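A.B. asks: Next come the chains, spelled out residue by residue.
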Amino acid sequence: MALLSDLVNMNLSDHTESFIAEYVWVGGSGMDMRSKARTISKPISSPSELPKWNYDGSSTGQAPGEDSEVILYPQAIFKDPFRGGNNILVMCDCYTPQGEPIPTNKRNNAAKIFSHPDVVAEVPWFGIEQEYTLLQKDVNWPLGWPVGGYPGPQGPYYCAIGADKAFGRDIVDAHYKACLYAGINISGINGEVMPGQWEFQVGPSVGIEAGDQMWIARYILERITEIAGVVLSFDPKPIPGDWNGAGAHTNYSTKSMREEGGYEVIKKAIEKLGLRHKEHIAAYGEGNERRLTGRHETADINTFKWGVANRGASIRVGRDTEKEGKGYFEDRRPASNMDPYVVTAMITETTLLWKPN
Amino acid sequence: MALLNDLLNLNLSDHTEKIIAEYIWIGGSGMDMRSKARTISKPVSSPSELPKWNYDGSSTGQAPGEDSEVIIYPQAIFKDPFRGGNNILVMCDCYTPQGEPIPTNKRHNAAKIFSNPEVAAEEPWYGIEQEYTLLQKDVNWPLGWPVGGFPGPQGPYYCAAGADKAFGRDIVDAHYKACLYAGINISGINGEVMPGQWEFQVGPSVGIAAADQVWVARYILERITEKAGVVLSFDPKPIMGDWNGAGAHTNYSTKSMREEGGYEIIKKAIEKLGLRHKEHIAAYGEGNERRLTGRHETADINTFKWGVANRGASIRVGRDTEKEGKGYFEDRRPASNMDPYVVTSMIAETTLLWKPT
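Chains F and X, in that order, give the protein sequences.
Going left to right, the first sequence walks through residues 4 to 360 as the working numbering numbers them.
Going left to right, the second sequence walks through residues 219 to 575 as the working numbering numbers them.
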């Protein structure tokens with residue numbers, strides 16, 4: 004066993020019942036992901052069997068130095084595609100030692116909304132389209148772009164192939180399989196309009212799972228770009244000018260929308276979203292004003308409009324949904340750096356719980 | 219599993235029934251290939267089991283932004299040589315939401331011609347010789363050529379071996395095996411007269427299958443050059459001057475041509491092709507006038523002539539066919555950037571359905 008990779012790939016189950024659990028959480032910026040690992044002595048089948056843990060919150064901007072412990076509660080388990088075997092990834096959320104969610108813990112409130120009986124009855128489904136940009140290490144310039152210059156204009160790159168059109172496919176394909184292995188409901192991938200930009204989709208997932216799965220998928224992606232020596236960016240407008248931004252379009256439906264007469268329910272829901280446009284936009288990601296300009300397949304940030312098959316709208320309804328009279332709709336406003344716990348819970352809250360006064 | 223390769227090579231069938239289907243289509247230029255992937259819940263054995271899908275036609279020059287959905291219909295399945303396992307490549311063609319083929323969809327009309335009873339009865343076979351040129355990334359100068367200069371004149375390179383004569387063989391050989399793995403009827407490869415230029419042949423394939431296979435073979439080739447960091451060109455005359463162009467010679471036969479007395483049928487068919495020379499040339503690829511000069515083993519674009527064993531002719535009949543009184547012939551006019559749906563169906567239409575007025 005002379006090579007590092009032999010050690011990294013060792014199958015521990017041949018030698019011990021112990022396995023490794025990587026506890027993953029969201030740090031103080033609301034976008035930085037953090038993780039650390041611990042050994043678990045015997046097999047478990049659900050997050051509740053895992054011990055709570057803690058970390059140094061003063062090192063992530065989440066607690067003061069004199070009282071730095073932040074407690075991690077395990078919430079969802081996935082197979083670890085990096086360690087293999089019986090090893091796991093554990094999505095956690097963060098609490099004070101007294102049991103209160105810390106301010107950056109957006110999952111706690113989302114979980115409350117998703118356990119409300121009116122919401123549970125409607126079985127909300129989410130399909131989230133996560134766009135992201137790959138950057139060359141050290142220069143932070145998009146992968147495949149000439150340093151000090153620009154590639155040819157957009158047009159040839161969307162879903163393209165070829166060494167002059169697609170940059171970083173190995174990362175994207177490795178991520179696809181790693182997520183399927185982990186148990187994440189990843190439904191597809193594609194190359195995006197801006198060269199060096201890609202997208203993956205997670206869903207349909209029910210309720211709080213959508214947020215859990217999206218965060219772990221982001222974690223797996225950044226672990227893979229780390230291996231590849233490439234930097235991952237969720238900035239919603241990484242390059243100013245005639246280059247597309249990056250979004251996290253969120254597709255949504257409820258039981259009523261998926262049944263006969265659903266199209267009317269959809270239209271009412273979109274109407275309610277329109278009445279709370281400003282509140283949603285404020286929660287849909289920092290820097291989104293650089294992206295939602297009305298150009299590059301977006302609607303202007305101050306405008307709320309919806310349309311069938313209209314990629315320049317805030318909300319797009321697919322032709323299938325229109326034709327069948329039921330289905331789902333796509334909120335195109337969230338930025339790539341949105342928090343999926345916040346966005347999924349807010350769409351649910353506005354459409355199912357909120358009443359216009 | 220520390221390395222990117224371990225994740226890329228993960229055998230998902232050990233962990234899930236899910237498979238990944240890469241949907242492939244032709245973009246707005248008629249030559250640019252596009253693809254994106256989706257998760258399918260379990261393995262499939264025929265295209266009819268796969269769902270129709272859609273893509274953003276406004277990003278490929280195939281639809282306006284306010285009504286951007288283009289629908290893709292799965293038409294042929296191949297094993298995915300990149301993802302392995304039960305994962306598949308799916309060749310698709312493009313329709314409006316109302317079910318009409320979009321203008322760049324050439325398969326639809328070809329399928330009509332091939333299902334015409336008179337055509338089906340004659341079992342048209344095709345063998346297509348796809349030539350292509352490999353270019354160095356960023357400078358777009360042929361692979362193996364000195365940047366800023368030229369290699370020694372043509373002569374030593376055709377079917378040659380050696381670091382000073384054959385450039386890019388790994389791509390060609392990887393492509394050969396990948397195509398056989400995928401289920402494409404690839405019949406051979408060879409190094410071409412111009413250094414950095416290669417050829418593969420697909421066939422004999424019947425009817426519409428010929429073009430489906432050539433398109434997927436082209437897709438696999440560009441995915442491989444992407445990995446190799448080399449640019450793929452189907453330009454019919456990539457370098458001006460005393461350097462060969464690139465063609466897509468199309469070999470053709472019908473049931474009657476392959477049987478006793480077939481040679482007379484062949485001569486009649488060639489006669490009909492001669493009467494529609496201009497129409498065929500117009501459909502045989504953009505830029506062909508730079509290639510069909512009468513030199514470099516081509517016939518002048520304005521001349522229609524045929525001959526046995528004549529590589530300077532528009533149509534060449536092999537000595538075997540002449541001797542046995544039956545067989546096939548080779549239309550040498552199509553350029554490397556021809557659309558095989560157009561060429562194969564047009565040859566069938568002219569020789570089997572069209573009647574001179």
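Be a bit skeptical, because a hint or two may be false.
[As the list claims (entries may be wrong)] Heads up, simulated DSBU-like pairs for lysine-lysine below, C-alpha to C-alpha not over 30 Å straight-line:
| id | chain 1 | residue 1 | chain 2 | residue 2 |
| --- | --- | --- | --- | --- |
| 1 | F | K329 | X | K523 |
| 2 | F | K270 | F | K140 |
| 3 | X | K544 | X | K490 |
| 4 | F | K55 | F | K82 |
| 5 | F | K82 | X | K445 |
| 6 | X | K496 | F | K82 |
| 7 | X | K473 | F | K326 |
| 8 | X | K445 | F | K140 |
| 9 | X | K523 | X | K496 |
| 10 | F | K326 | X | K330 |
| 11 | X | K355 | F | K326 |
| 12 | F | K329 | X | K324 |
| 13 | F | K140 | X | K355 |
| 14 | F | K115 | F | K271 |
| 15 | F | K115 | F | K140 |
| 16 | X | K260 | F | K258 |
| 17 | X | K236 | F | K82 |
| 18 | X | K541 | X | K490 |
| 19 | X | K445 | F | K329 |
| 20 | X | K270 | F | K308 |
| 21 | X | K324 | X | K490 |
| 22 | X | K324 | X | K541 |
| 23 | F | K326 | X | K270 |
| 24 | F | K271 | X | K270 |
| 25 | X | K297 | F | K258 |
| 26 | F | K258 | X | K236 |
| 27 | X | K485 | X | K544 |
| 28 | X | K260 | F | K326 |
| 29 | F | K82 | X | K297 |
Keep in mind the hints are simulated off the structure, nothing from the lab.
The model shown is predicted, which means the values in this text are computed figures rather than measured ones.
A.B. asks: What are the numbers of the hints the structure violates, in ascending order?
C.D. replies: 1, 2, 6, 7, 11, 12, 15, 19, 22, 25
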